[in-house]
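Using the sequences plus the hints, can you model the full thing?
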Amino acid sequence: MRKIVLAIMMSVSLCLLLAGCFGSAKETTVNNNLNSSPGEDSPADIFANDPSQIGMGMFSYGIVAPNDDQQVYEYTGEEVHIPFKVTGLDEEVSSDFGLLVFVDGLAQPYRIQANPAEPSAEQLMHKFSLKYEETEEFDIVFTPVSGQKGDKVGVVFATILQPDYKPENENKPNYGIYHSLSATLSQEIEFQADLSGDKMLQPYKDAVTEDIPEEIKNQAETVLTDGSSDYLDETTVNELLPEDPDQNLITAANGKAKLKFRIYGGLETTYRTTIFVNHTPVQVKGADYIETTLQKGKMNTVEIELDTSAYDKLNTIYAISVVSGKDYLTNNNSPLKTKSLLLYN
Amino acid sequence: MKNLKVKVLGAAVAVMVMAFAGSASAESVNTSEFGKFTYTLTKSGSSVTANTSIAKYKSSTKVITALEVQDNATGKTIGKVTRTETGKSSSSISVTNLTAKKLAAFSAHEARGNGSVAKYLAKTF
Chain A
343 MRKIVLAIMM SVSLCLLLAG CFGSAKETTV NNNLNSSPGE DSPADIFAND
393 PSQIGMGMFS YGIVAPNDDQ QVYEYTGEEV HIPFKVTGLD EEVSSDFGLL
443 VFVDGLAQPY RIQANPAEPS AEQLMHKFSL KYEETEEFDI VFTPVSGQKG
493 DKVGVVFATI LQPDYKPENE NKPNYGIYHS LSATLSQEIE FQADLSGDKM
543 LQPYKDAVTE DIPEEIKNQA ETVLTDGSSD YLDETTVNEL LPEDPDQNLI
593 TAANGKAKLK FRIYGGLETT YRTTIFVNHT PVQVKGADYI ETTLQKGKMN
643 TVEIELDTSA YDKLNTIYAI SVVSGKDYLT NNNSPLKTKS LLLYN
Chain B
28 MKNLKVKVLG AAVAVMVMAF AGSASAESVN TSEFGKFTYT LTKSGSSVTA
78 NTSIAKYKSS TKVITALEVQ DNATGKTIGK VTRTETGKSS SSISVTNLTA
128 KKLAAFSAHE ARGNGSVAKY LAKTF
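Chains as they are written, first to last, in this note's numbering: chain A, 343 to 687; chain B, 28 to 152.
For the record, the hints were derived by calculation from the structure and aren't laboratory data.
Cβ atoms here follow ideal geometry from the backbone N, Cα and C, with glycine treated the same way.
From the derived model, a few chain A residues whose C-beta atoms are all more than 10 Å from chain B: (1) S436; (2) S471; (3) E510; (4) E532; (5) D536; (6) P587; (7) D630; (8) G639; (9) T643.
Only some residues are given here: those of chain B computed to face chain A with a beta carbon under 8 Å: (10) V56; (11) T58; (12) K85; (13) F133; (14) N141; (15) S143; (16) Y147.
Listed below in structure tokens is the structure:
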């Protein structure tokens, strides 16, 4: 009996060892068959080559600082310079992402300066495609879009995964995990001078306030399984909705697109929301951004009509909400991005 | 001969233990700000769970896990949730009561400090 058991265990061990050797080769072949840039596949097709698990990118990014404490940058009338670093961490695929900067809740145009003699163009989003362990270091350079002498405001850095992805047609409008947002904690900008120039971004502050519908509260409770029943007490949600809520895309008619923005849940906080079309901010009701102050149990809603006459047939629209004022010091839920929607023109 | 049998049996047991231990689904990366950054996306019964954990953190550090589960046949979102933990080492989130024959799950795993580390996964069950 002992000999039989020993023989069986030796056979199993030998099989496992051999499976390990050939298994590694097979896994390498499957990984090599994956696109070097997963953003070329629609969410419905990304499992076509490998039916199990797919890496969609991994990267790190953040300020270069002498310590782990929150940093304070001073605006003295000259451009702010923030040392920065990005690194690819995914062994299987290139990590593609777009980098955004928000100052006091507002989208901030900036330049990338790795070489003082060769500054980049000023843009709202700079895009990166990093292989495993590939690193870039540079200064983020900008004149703040908002603030006055004496202010102390938050500056936060955020990324959008695979920003170049766009559905191939209106019949497959799903973005899946593409365009997911990640961010750093806020650092601080201290204004020691007023901003020059008179062009200040203008807010829209007349959102409709109403109770959070019961159907939304019920949905929040049923999907949570970790014993918590206060999902909306702790979590802020922002959404862009088509005129027809059963649709998964926004369809324009006669050069106009109607949609709804709403934000609810979480702490009582002031958010500034920017609507982006193709990663470029657009005006809402003649304003540059929406400003809302959340109240417990309440939802803030803004009906929006966009002029789409200058857009192509397929466009991406989303909103990013960022806390403003002193709330950046304490609020967990910032920045927030709605899911990206296809704007079909 | 008896000693040889014991050694062979021990080696066989060791190989079997290592083989099964190696099939665990957690993956990790070492990072300078957060130490070992570990992420998992798993299914058990009718629930899909995503977890993120880090080894180094401060009171202000955030660990964020986001999970979206879709019916793989239709692409319709069944559940979409996010959990943020502040000043803790891990964050876990689940979508439950899943009855679709085949599911597509997308997870985002993130640690936020002065810098951020983000990992994105897609998996079918």
